[in-house]
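Taking the hints as your guide, dock the two standalone chains into a single complex.
Protein chains in written order, with this note's numbering: chain R, 1 to 296; chain F, 1001 to 1176.
Just so you know, the hints here were simulated from the structure itself, not pulled from any lab data.
Don't take every hint at face value.
So, partial list: chain R residues that the calculated Cβ filter (under 8 angstroms) puts toward chain F [stated by the list, open to error]: (1) I25; (2) H128; (3) Q131.
Please read these numbers as outputs of a predicted model, since none were measured by experiment.
Ideal Cβ placement from N, Cα and C applies to all residues, glycine included.
Spelled out from the first residue to the last, the chains are:
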Amino acid sequence: MRSSIASSKQSRALNRRSLALAAGILILAMLLLLLDMRGLLMPVKGTAQAVLQPTEQHLTQSRVGLGQFFHDLLHIGSLRQQNADLQAQLAVAQAKLIQLETNQARTDALERELGIRQAYGWVTVPAHVVQGTADNGRRMIRIGKGRVDGVTIGMAVIGKEGGSPPALVGTVDRVYAQTADVLLITDGAFSIGARTTAVTPAMGLIVGQWQAGSRTRLDDVDRDAVLVPEDVVISAGLSKPIASDTPLAQVPAGVPIGTVTKLLKADNQGKSAEVQPFVDPDRVRDVWVITGEQTK
Amino acid sequence: MDNRRPKWEQRALHQVSCATLLLMVALVQTELTPDFWHVRINVVLVVVVCWTLLRGVEAGMRWALYGGLALGLLTPLPLGAHLLSLALVVLVIGGLAEAYPRDNLLVPTLCVVGGSILESTILALVQRVGGAGVSWLGYLWMIMLPETLLNVLVALPLYMTLRGLDRRDRRRGWVA
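With the rest of the complex left out, here is chain F (with noise of 0.2 angstroms):
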């Protein structure tokens, strides 16, 4: 019997607190976060991908649930296209960053850059098959891209902030 095995009570807890944490960031990313060129930075996104390569694809698609359910419940876009979004993001950057190392920084980067290319590409099928005209040359140039760059900006920050995270919480032994 292994002592160091959170309880399950422990685990339910540890999971409440990351989807308020998850329910926090949505709220900064929609309310308090400015926009450059009529863009925001998509925070949870960053995040998710960060917390992905950080711990894998499981816990990444818990993150990625606890994101996407806040989003969806706080923008106007359907409920669960956020999730789905995100799901798919995890998967892929989970399965293509697998033989990367995770010290180098290059790897989040390129991941970021991944994910937020296809997270758009995702949001923007899904608002086509909700009726609303997409002109995808416009949306590639007004919105992909400089949502991409300024993902960037803060992915470097916010994968440091969460490898200490990260780091502390393997010192601990609550991670594996």
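So here's chain R without its partners, still in its complex pose (with noise of 0.2 angstroms):
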């Protein structure tokens, strides 16, 4: 009986401790998520994230670069095709470019002559992916390069796979010391003004569509602005000229971001399309910040 009396007593202490470190943990939880709202760990995060880069980047690269020869594999027969097709796009390619290279004098007569001429370059500061996707609701990597390196918050990243053009890969989030995270353009909450580059272009903006099934949309386009399949989607750089002081501001005009694969929507409202990314963001290894623009 005594002993029977003295294990409940147990029984309830331990309930009690384990409902006391519960509570002790859930406030814990609470404080931090408070402070880290407030970008008040920053340094925290930042110094744990400088540790832990190295180990990250290798085990990333690693499985990315695995990940990369698996597809190769099972899509061996789609890869021959694509090169067929990739040699035929080359001739042609080589073709344009001499009739370019015939135009080109008198092109640049014509874009001094308007005034015009805007040929300028981006400065770029190449960086590994240090990390992949590693919450499932967002769409975020984590790159090596950070404060030091002259990153900051709504920088444009980009990246090349393939063949395809350097495209729009994401826009910096959050900047540390030595990395930064990197919001993609297929997350939910990424939002940028973009532009076709028909000769009268569609103005509409990009948004991330990943969660709700197609990778990225762009919206909010006049119902008059034509728009139709395999339109090359480029950021407009709208931001810049009205808010300067906003982040995203910082994203350059002429960034290209994908094709119009169809559409979705066309009505008094305005239109919307489904737009394909040149680059798919969670197979990039290698990236590039763009930190500013030259003037040649």
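Here it is as structure tokens:
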């Protein structure tokens, strides 16, 4: 009887201890959450990431490399087809290049005459992907360059995959001393001004649509604008002249994003279309951060 | 005086070992686990749920603390988000599964299903509070359900492994 009471008391004591521990941990979690949302834990996370970065980078690069190997192995048939298509495209491109070189002198003269020549280059910082998307709810990657390398919030991050042009992968969302988190163009929270490269461009907003099934979408396009599949979409650089102090104002105009694959909506409200990015942000291993623009 | 009760140095060393183990599990989850349908297996969650079933709420809470902090340091979500979700999962699973036999393998499977749904919901809420747009229907179909399915696939192998570890500890008298 006595031992039963003692055991019961011990059990209750253990329960109390478990509950006290649970309460303590929940309070700690809320406190950490609050402090991190206010940016007060950035030095702690930055230091931890600096320590873990080499291990993370090594593991991530190995995983992505292995994934690419198996992907190629599984798609060897389509790769052969792709190779044949690329060779055909190369022949066409070479013919066009000769034609373009012939026209270059005339174009240069016309541009100078019209005063609209805006030949610029991007100043970029190369970076390795330290970590792929780690949280299932967010499409973000971590890169191995941070504040000390001149990276700031809002900068455009570009990548290249196979024969794709250098294209937008995302924008810098958080910056630590030696690393930075990049919000991918496929994340639901991603949004940036974009336009097509048609003679009369269709302006709109590129929003991440991974969570809704597709990858990105061009929204809020004027109902009278011409928007057709195969249209190339590039960044519009709209924020720069309007609000130069916003983080996204650092994304220059003309950064390739993707191609329109199908029209989703066309009514009195406007148009929207699905856009297939040039680069799959989940597969890139090396990226470049556009830190500025240089005039030639 | 119980001579079998470990000294504080031994207990501290045991906790450091647990924290290191959970950091390694978190590293495996965030860096090495391949993604299927753009979703990854939440190894830390499965391990914490299984350990709670085997050792009770107190031990589960400690693993939630180490796993939650490790994920908080490794992932872009705010520090504390994973800790909060894992701690709540341990509390709920620990309380609900109290009455059910641990030898029935359906119990860990169902607990991992419940834990995955609860954890995903809490993380989505944290993102929502943080200002990220969350489309609930898309989140359900594209993240919550695939993640739960993937977690269930690894639940039993991990549960059996941890049960073996637990039985070894009990045989050696390390656990009361």
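Checked hints:
1. I25: 5 angstroms, holds
2. H128: 13 angstroms, violated
3. Q131: Holds, because the Cβ-Cβ distance from Q131 (chain R) to chain F comes to roughly 6 angstroms (cut-off 8 angstroms).
Against the hints set out earlier in the document, a violation occurs for number 2 only.
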